[in-house]
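Protein chains in written order, with my numbering: chain A, 1 to 714; chain B, 1 to 714.
One thing to keep in mind: the hints can contain errors.
Facing chain A, according to a computed beta carbon distance under 10 Å, are these residues of chain B, among others [stated by the list, open to error]:
{"no.": "1", "residue": "Val171"}
{"no.": "2", "residue": "Leu337"}
{"no.": "3", "residue": "Gly377"}
Restraint ranges, calculated between C-beta atoms of paired labels, are given here [claimed, not checked]:
{"no.": "4", "chain 1": "B", "residue 1": "Gln28", "chain 2": "A", "residue 2": "Gly395", "range": "44 to 54 Å"}
{"no.": "5", "chain 1": "B", "residue 1": "Val131", "chain 2": "A", "residue 2": "Arg476", "range": "48 to 58 Å"}
{"no.": "6", "chain 1": "B", "residue 1": "Ala57", "chain 2": "A", "residue 2": "Asp255", "range": "53 to 63 Å"}
If you want the ones that stay clear, here's a sample from chain A, every Cβ over 10 Å from chain B, calculated [to be verified]:
{"no.": "7", "residue": "Asn242"}
{"no.": "8", "residue": "Asp473"}
{"no.": "9", "residue": "Pro654"}
{"no.": "10", "residue": "His673"}
Hint data in this document are derived by calculation from the structure and do not stem from the laboratory. Backbone N, C-alpha and C define an ideal beta-carbon position, used for all residues, glycine too.
There are 2 protein chains.
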Amino acid sequence: MTETVALDEHPASSAGTPDGQAGGRGLQALFAPRGAVVVGASSEATKLGGVMAASLAGGKIPVALVNSRGGSGMHRTVRDAADASLVPLDLAVLCIPAQACAEALEECAAAGVRAALVCAGGFAEAGGDGVEHERRLLAAASATGVRLLGPNTSGFFVPGRDLRASFVPGVAQLEAGPVAIVAASGGLNHALAFALQRQDMGISLGVGIGAGIDVTATDVLEYLVDDEDTRAIALHIETVANGPALLAAVVAASDVKPVVALVVGQHDIGEFAQSHTGALATSWRTTRALLRQAGAVVVDDEDALVTAASTLAAARLAPTTDPGAALVTAQAGPGLLIVDGLHGAGVRVPELAPETQDQLGQLLPPLTFQANPVDTGRPGPGHGDVVAAVAADPGVDVVAVYGLTEPVVDLPRVVAEADLGASVAVVGLDGPADEVASGRLAALDLGVPVVVGARALTCAVAALVEDARLRADRRRTESADGVPTRMLKLSGRQWSEGQAKDILDRLGIATPARAVCSTLEEALATFERIGSPVAVKLSDATVLHKSEHGGVHLGVSDARELEAAVEALGDIGASEFLVEAMAPAGVDLVVGARRDPVFGPVVLLGVGGIATEVYADAAIASVPTTHDRLSRLPGQLAARELLDGFRGGPVVDPGGLAEVLHALGELLVSNPHLSEVEINPLRAHAGGLLALDAVLVSEAIGQQENVDEGGETP
Amino acid sequence: MTETVALDEHPASSAGTPDGQAGGRGLQALFAPRGAVVVGASSEATKLGGVMAASLAGGKIPVALVNSRGGSGMHRTVRDAADASLVPLDLAVLCIPAQACAEALEECAAAGVRAALVCAGGFAEAGGDGVEHERRLLAAASATGVRLLGPNTSGFFVPGRDLRASFVPGVAQLEAGPVAIVAASGGLNHALAFALQRQDMGISLGVGIGAGIDVTATDVLEYLVDDEDTRAIALHIETVANGPALLAAVVAASDVKPVVALVVGQHDIGEFAQSHTGALATSWRTTRALLRQAGAVVVDDEDALVTAASTLAAARLAPTTDPGAALVTAQAGPGLLIVDGLHGAGVRVPELAPETQDQLGQLLPPLTFQANPVDTGRPGPGHGDVVAAVAADPGVDVVAVYGLTEPVVDLPRVVAEADLGASVAVVGLDGPADEVASGRLAALDLGVPVVVGARALTCAVAALVEDARLRADRRRTESADGVPTRMLKLSGRQWSEGQAKDILDRLGIATPARAVCSTLEEALATFERIGSPVAVKLSDATVLHKSEHGGVHLGVSDARELEAAVEALGDIGASEFLVEAMAPAGVDLVVGARRDPVFGPVVLLGVGGIATEVYADAAIASVPTTHDRLSRLPGQLAARELLDGFRGGPVVDPGGLAEVLHALGELLVSNPHLSEVEINPLRAHAGGLLALDAVLVSEAIGQQENVDEGGETP
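Using the sequences and the hints, build the whole thing.
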């Protein structure tokens with residue numbers, strides 16, 4: 001039953017659950033059950049079993065109530081309930097103490113239940129006996145094949161099926177609509193659902209994963225791929241257990257419907273996060289970078305999550321490498337904020353073509369700005385023509401239409417009735433509460449994405465553009481060849497700088513002319529051969545930070561200096577040293593590959609010096625991947641201008657950089673015992689790229705054994 | 001009538017208008033008129049004169065209508081209208097073409113009008129004849145003393161006086177409340193007002209400045225200082241004409257009520273901005289930095305502007321250097337987002353004291369996280385005790401209370417009834433639209449700040465904390481001595497590196513041992529005196545970028561290298577050169593002072609290398625100011641960790657850095673012809689700070705004349 005998901009980056013990944021059961025497919029019983037049973041039901045509204053019974057009973061599917069002590073309308077066993085039910089009881093909601101859950105689950109399975117929800121805490125996150133309760137519960141789920149949501153969640157809801165398995169008040173007010181929520185936290189699932197409700201946006205499915213011991217976000221994403229009611233997915237991530245499986249699910253989902261992701265944990269919130277989820281938060285930067293690579297629009301806060309998901313549920317651009325956005329605004333002040341925000345979000349706002357401007361010149365009074373943004377003043381009857389003219393501009397893929405609400409001109413209707421060609425338009429309204437609400441409700445029927453406020457409009461356009469870019473990226477990735485081309489197997493466990501550079505040479509990465517020397521005579525001969533000036537460095541596989549140990553002498557330009565350097569290295573106990581040509585001036589980069597504990601092999605690119613560390617300015621990609629994707633990493637750096645002839649410096653070739661990253665990634669993939677390889681600095685100069693220092697780290701490095709000189713086999 | 005505003009940083013500034021009339025005081029006639037007259041009134045709802053007449057007629061004050069062609073209910077002249085009116089017509093709203101405005105204003109003044117609103121465009125921003133129309137209008141205002149709002153604005157509103165001089169539909173729905181809006185743009189004034197209205201928050205005054213040829217944001221801020229209906233000010237800035245006057249007004253206003261500011265123009269939107277306001281956008285970073293220095297809470301977007309102003313209108317912390325924030329959350333998932341966001345906003349979230357945690361241990365079940373945040377689970381009857389216990393913690397100044405709406409526990413009421421001691425609490429709600437709305441409305445009566453959503457709660461707490469910090473900063477500034485201590489008058493116009501460093505020596509800023517030499521013999525003698533290694537550099541006052549001209553030789557360590565360096569400098573035409581001791585290793589900073597065209601003298605601090613330029617990581621302050629304020633600039637850098645012993649580097653003394661910045665600022669203030677002084681790099685090493693290069697630029701530098709060797713007088 002295992003579903004195979006196509007994923008170029010992770011060909012070996014499997015999205016299966018521990019028991020080998022399918023991910024998404026098994027969730028039909030959970031999210032579309034024919035009948036449900038509440039175990040531990042109660043008639044008291046203050047108890048979980050009472051709240052759940054009431055919440056489920058408000059829906060359409062038959063709900064049986066079980067309480068071992070019996071009572072009005074209660075069955076004493078699940079078997080009794082199943083026997084009495086006219087429909088199969090696919091879903092069980094367990095409202096009983098943690099220690100009783102495993103046994104109850106088995107009882108449910110025996111009575112035909114195929115999915116269960118456990119809301120309570122008191123499992124592994126609580127420590128003590130809870131660990132054993134969780135182990136037994138998971139074992140019961142595995143043995144019976146019952147899919148289990150929770151524990152430690154406030155549940156889920158499917159308003160379109162009138163199904164609300166949640167103990168949160170107000171959940172009955174949630175209405176059906178196109179946005180699905182997959183949240184790590186039950187509380188955030190509800191907070192997001194209510195935020196959508198406050199914007200008149202309905203929900204197809206809202207799930208809080210909780211502890212996620214069986215059903216994970218990955219499973220729900222797989223389920224949603226084929227869910228026809230879902231047109232966009234809002235994903236909230238706290239921790240990731242199986243990175244490749246999650247990425248595979250995002251790839252599969254975002255191919256057919258937009259996925260918008262919010263990752264918590266930019267700052268150090270580890271202790272509280274651990275108390276909540278029982279696991280340390282995953283690396284925020286890596287998780288975000290790889291979710292983007294997999295096709296998710298990654299946002300910075302939950303307001304943006306709601307806006308982006310709502311917008312993308314209504315419209316999606318065609319895959320486009322770098323979509324152009326235009327703004328038609330009735331008010332200049334908010335227009336300035338929107339354009340400023342679009343620039344900040346990296347959205348291109350091209351000047352409109354001369355023909356478009358000519359056309360606008362005939363539609364608008366002469367005093368307005370018409371180059372993009374188009375500042376119309378208060379919209380008149382011809383506003384639709386203005387929007388259509390801008391949409392028809394060859395450089396425009398998405399048109400943002402902003403205005404204060406007007407009694408005469410209804411912007412959503414104007415946009416709905418305008419001929420937009422292949423472009424997409426999104427409307428931003430400001431105005432009194434009742435007017436924006438009625439504009440928004442009308443827009444739902446018209447199929448036009450409408451948001452409220454200038455900031456939300458900026459966010460909506462940025463999301464449309466990012467989704468289109470990511471899909472274009474993925475199309476190129478899919479059509480390109482991602483098969484490893486070099487398989488360099490390393491037999492060593494520890495490498496000196498010279499050995500590491502020899503390996504780079506074999507990977508086709510340029511390194512400076514050099515020789516390992518052990519005497520002054522050898523050093524002088526090397527100096528004669530490669531010319532002045534040279535660097536003289538400690539060459540010892542066990543010393544990782546040579547500079548800090550006084551092991552590096554740069555700019556050595558004559559025999560006397562060379563002698564002094566060799567002597568100094570002798571003084572700190574070096575028996576061998578590297579004599580190496582100094583590199584031409586240029587820009588220093590940092591490139592590396594490492595094995596992420598959650599996601600597997602990744603490559604990193606940063607700017608040298610303090611930038612990567614202090615400003616956290618690094619681009620990250622999961623490998624293996626395509627040359628095309630790697631060649632776009634430099635463009636993701638905040639300091640990308642440094643690579644583009646900054647202050648008379650070199651223009652760095654993204655293709656050459658991609659080849660270096662590709663080679664490092666392949667080295668890691670081909671050598672499972674290699675945990676990290678880093679070139680720092682990689683000097684970009686007028687003639688190309690040159691690795692000035694290199695470190696390889698194997699898993700066994702801590703043990704300082706099995707040093708194999710020159711240890712590599714082709 | 002000129003009002004003097006105390007401002008330590010700008011003792012010479014005056015906030016007066018061109019005609020010497022008072023700023024805020026003269027605006028009573030504009031914002032609190034006894035009667036109004038619409039000039040160019042119309043009975044047609046589609047015309048500006050008709051819309052304005054209708055908008056004003058909906059209010060309480062008598063409104064006279066004037067149309068030169070007469071008509072039903074119309075006077076033919078303003079004089080006629082004034083004669084017929086029972087109250088003085090303080091305010092005139094001119095709904096006539098640009099070319100007619102100047103004359104009409106004079107007519108109005110003659111009839112007793114003291115303030116006017118001109119909404120239309122067609123003045124200087126339109127070019128051509130408009131420039132002359134504007135000149136004449138301003139001349140008429142100056143000559144008559146009539147205060148003029150506009151042109152090119154959609155007007156203003158004072159809901160508490162039922163006064164709405166605006167042509168925007170929906171403006172009648174705006175209600176009275178504590179937030180004032182001072183927006184550069186009429187459109188944004190309305191957008192912000194409606195955003196507040198959608199959150200049930202009322203407005204004391206909303207003004208769009210438009211072209212601002214007479215009444216500026218500065219004037220309105222001065223007016224608001226004493227406006228009892230205003231409890232917080234939302235300020236939107238596009239351009240600033242008179243920087244010191246604006247800052248003085250912010251200082252005066254923020255002393256008595258919070259000012260929250262949004263500055264547009266982070267990115268290049270110059271052309272559109274110019275089309276809107278007729279002026280280039282001011283420097284975004286400098287404007288933001290100096291507004292903060294003056295006491296304004298500076299936010300990043302208009303949602304934050306609305307949230308921060310609403311929150312600060314309801315509550316304000318006591319001035320506190322570094323307030324501690326605590327979170328009491330009913331749901332862990334949103335709690336994680338809030339704490340993550342608070343860290344990102346630089347808000348301290350201290351671990352609660354052991355006694356507080358003991359107390360919470362008795363109030364809460366054992367499984368919840370209680371260190372801060374306090375994760376309560378769904379609130380019970382004792383929730384107020386939890387909030388009170390956290391508020392009483394000695395490290396806590398502000399308590400954020402978050403939860404989904406509950407039928408039993410009303411969070412705003414719980415907070416209102418809890419004993420918070422000296423702490424302030426702000427409530428964040430999520431839930432269905434009707435429930436959060438009723439919670440919010442109830443909170444208005446209770447005086448508790450309530451916002452909707454986790455992100456808004458983060459923003460609200462950050463605003464409360466920032467306001468408290470800025471006030472503490474200002475109190476220290478006010479109590480400290482800001483009088484210049486050194487008055488070094490420079491007589492020169494151009495300075496070589498050696499001369500610049502001599503000036504630094506006199507300012508008490510350390511420089512390396514050095515001598516200016518013109519022969520190899522002199523160089524060798526200097527080398528002997530100051531020891532190896534040395535730097536040898538071109539010394540020419542006319543060459544600003546020595547390195548780019550091959551004019552710098554570093555690490556010269558023997559006579560042969562010295563000879564080679566001197567020869568190379570001779571080859572590029574140097575007749576003089578500097579031989580200078582090389583500096584000890586350390587961290588390179590950039591410090592400088594320059595004359596900002598809008599705000600006057602400012603000092604800047606950045607990290608050397610690419611950081612300041614590429615990452616735009618610089619701290620800016622207006623000078624003269626206090627040692628205390630300057631010593632806090634390093635803490636404002638994103639890369640501040642670099643100054644704190646990063647990777648074994650030096651710990652930079654903020655006091656020493658403040659002295660250098662102070663000296664540079666004073667040099668600029670004392671020498672009006674000096675436009676810029678920069679030390680780049682300023683090397684921070686274990687022994688202190690050392691200026692390795694220095695450049696002074698005078699206004700006359702472009703003319704390359706009047707080079708005065710050693711030109712300085714004490």
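Task: Hints breached by this structure - done: Result: no hint breaks.
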